[in-house]
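Engineer: Sequence:
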Amino acid sequence: MVRELWDGLRGTGETGERWGQWAVRWRWPVIAVALVAAVAMGAGARDLRFGNNYRMFFGPNNPQIAAFDELQKVYTKNDNVLFVLEPLAGDAFSEEVLAAGLDLEEKAWTLPFATRVDALTNFQNTEAEDDDLIVEDLVPLGSEGDPAVRAKAREVALSEPLLVRRLVGPAAEAAGVNVTFHVPPEGDAEQGDIDAARAELVAGVRELAADIEAAHPTVNVRVTGMIMLNNAFFEATRRDMRTLIPLMYVGIVVLLLVLLRSVAATVGTVLVIGFATGSALGLAGWAGVVLTPPSATAPTLILTLAVADCVHILVTALQRMRGGSDKRAAIVESMRVNLQPIFLTSLTTAIGFLSMNFSDSPPFRHLGNITALGVGLAFLFAALFLPAFLAVVPMRVRARPKTETDSRRFAWEESFAEFVLRHRRALLGGMAVMTLGLAAAVPRNDLDDQFVRYFASSVEFRSDTDYTSENLSGLYSVEFSIEAGESGGISNPEYLATLDALAEWYRARPEVVHVLSFSDVMKRVNRSMNGDDPSAYRLPEERDLAAQYLLLYEMSLPFGQDLNNQINVDKSSTRFIITLADVSSRQIREAAEAGEAWLESNAGPGMSATSAGPALMFSHISGRNIVGMLTGTAIALVLVSLTLIVAFQSVRYGLLSLIPNITPALLAFGIWGLTVAQINIALSAVAAMTLGIVVDDTIHFMSKYLRARREQGASPEGAVRFAFKTVAPAMVFTSLVLAGGFLILSLSAFDLNAGMGRLTAITIGLALVTDFLMLAPILVVVGSARDRHSVPTAELAFGEER
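In the numbering used here, the protein residues as written are 15 to 816.
Among the hints, a few may not be true.
As the list claims (entries may be wrong) - With a Cα cut of at most 27 Å, we get these calculated DSSO-like pairs of lysine-lysine:
| # | residue 1 | residue 2 |
| --- | --- | --- |
| 1 | 121 | 166 |
| 2 | 537 | 166 |
| 3 | 585 | 91 |
Bear in mind the hints are in silico, worked out from the structure with no lab data behind them.
Starting from the given sequences, assemble the full structure and let the hints guide the process.
Structural biologist: Okay, structure coming up:
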């Protein structure tokens with residue numbers, strides 16, 4: 015088998031013919047083995063799991079997630095659900111909204127894994143009473159009907175930095191109830207089925223929101239937060255697999271019936287893609303792969319790529335049968351002609367997808383590996399099962415007599431080939447100018463990853479989060495653990511003053527909507543300990559006094575409202591959080607870096623901090639990913655070039671193939687830069703992923719060109735005519751299928767997949783244009799120059815075969 019594949023790669027001997035004869039001769043054993051193998055491999059699909067955690071996008075060596083893990087070890091976790099109360103009448107301080115908040119605050123404690131509930135109503139307001147510090151809920155239970163309580167709550171809340179743009183809108187347009195959870199990590203055996211527990215938690219959250227809306231008809235409850243973000247990834251994966259794959263199968267069946275006009279050929283193709291897709295997913299299940307929105311697109315990619323192999327085999331076989339050949343002879347001839355190019359296209363496509371292992375994000379590595387595996391399996395099923403299947407099923411193909419009309423049935427290929435040959439120098443010049451112009455637009459693309467925008471506006475999580483950002487608070491935050499340098503150091507007036515200065519500096523930045531700083535707590539307590547004198551809203555001036563105030567305040571806090579989410583155990587550091595508006599990844603990184611730089615320039619000795627947080631992790635991921643993917647693409651280019659040099663037995667043609675393989679990605683990213691101008695983590699992998707796909711057309715066109723040159727002695731012009739005649743229809747069809755498959759992927763509500771589908775479809779379309787308008791003229795120019803230094807070859811007229 016290895017020897018046969020090596021010979022097939024080099025195009026030596028009659029490997030394809032022997033392969034076809036063997037598959038037809040042993041058709042029943044081949045079919046049986048294929049069925050058993052497909053069932054055995056596909057059985058692993060029952061072990062597939064769907065990821066439901068945003069952390070799945072980050073590898074274990076990612077520095078941003080390591081920093082975030084360190085921060086969460088010191089303070090409480092920030093896995094949360096933010097219930098947003100939208101008043102349909104009145105505002106956040108109406109009786110109905112406050113009653114809904116109190117109801118929600120109480121019932122939120124019944125949710126699984128809940129550890130803390132922060133609400134507008136249970137905000138721990140401090141007041142002085144003689145020499146005592148009174149700490150109590152801003153709106154005590156049962157007092158929401160008292161106009162005086164509501165008026166006081168409004169006055170306090172809208173002037174409190176800890177509440178405005180966090181738990182209440184700046185104009186009281188919405189109120190929030192934030193519930194913090196401590197969900198056990200995946201793989202925690204002591205906690206049982208964590209996936210089921212997470213699903214139960216989300217179901218409980220939605221049920222609670224519905225109950226609050228039913229009990230309080232003038233209040234609409236929206237739900238966002240990290241728990242809901244994780245669930246949105248999970249639901250996007252399931253939705254795509256349930257909708258896009260069936261849609262693709264329906265589209266493929268219709269297109270195959272239209273093109274092939276053969277039910278048997280269509281059924282054989284559907285079986286091949288079903289076997290390849292099911293086997294690849296099954297092997298992924300056996301390997302313990304967790305499916306995510308990106309990796310869940312692998313079946314769609316395998317499906318479209320498998321069609322290309324089958325179409326080339328079927329088109330040639332049906333053409334031979336319609337020309338009067340016996341079915342078995344036509345199958346063997348098709349394998350003789352097509353085995354080398356489909357093996358090459360499968361190999362180079364697999365190389366392209368395997369290069370995604372250089373991605374910094376595990377889901378894209380899984381996507382590359384599953385798809386590469388599926389492509390390899392698709393080749394084996396297409397090259398073995400398909401000819402065996404065709405040999406045993408009845409195929410009614412009407413033979414066409416050789417007539418003058420019949421000889422012209424490839425009129426469009428002839429006309430197009432003559433057009434290309436007649437204008438080859440103008441086409442080369444025009445394509446070169448267009449390539450250079452669009453390549454200059456590639457740097458216009460900005461790297462941007464905002465995890466909220468991973469989802470379409472139709473997704474409930476996205477719409478609820480957008481409303482929250484506009485009316486209450488943002489979901490993007492950057493956290494700092496700011497060290498004081500010593501145990502108890504957070505009571506040091508110098509430390510508190512620096513903390514407060516940093517908070518005010520951040521509040522002056524337009525992209526920052528809220529700052530959570532321990533210094534605000536100390537200013538509020540100091541004011542209360544000084545008879546609620548507004549002029550005393552400042553930091554304590556003595557360390558011992560600040561420590562006493564802090565101790566007194568902590569002792570007054572009820573269960574679930576302590577400061578463990580803001581200060582560490584030995585009071586040597588505090589958690590400092592900035593919440594950002596709907597900003598770009600670059601602005602998130604700049605805000606974090608600016609804070610670190612401010613501390614380096616203005617903080618005292620021992621004070622240091624490193625920024626962390628999910629938003630910061632996502633803001634770095636596309637940049638890290640594109641560095642890895644550039645490496646992967648470069649390695650893939652080298653491997654593909656070496657493969658083609660061996661296959662074509664020519665360094666010249668192997669290197670020439672780089673031009674039509676690189677150009678489509680340059681053109682596509684240039685068009686993207688002129689229209690969209692944003693590249694996320696998924697799009698940063700498109701160049702590597704499409705490299706293996708676009709080379710397919712190049713291989714088929716060049717293999718037919720070289721076959722005419724070497725086996726039939728054709729001139730460069732005649733060889734180009736022969737290539738257009740024999741492979742152009744299949745190239746157009748497979749390009750339409752591939753582009754159509756990726757355009758169906760663009761219907762995904764998960765924007766990473768949708769954007770990847772659009773850009774890849776554009777690249778595939780441009781690859782066909784490049785092969786027809788750039789590669790063909792290059793082959794004529796290079797071939798003609800070579801012929802001037804060798805023995806002249808005979809002209810091959812369009813439609814002739816020797």
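Engineer: None of the hints should be skipped; say for each whether it holds.
Structural biologist: Quick rundown of the hints versus the structure:
1. 121 x 166: holds (25 Å)
2. 537 x 166: Holds, at roughly 20 Å.
3. 585 x 91: With a Cα-Cα distance of about 18 Å, the restraint between residue 585 and residue 91 holds, given a limit of 27 Å.
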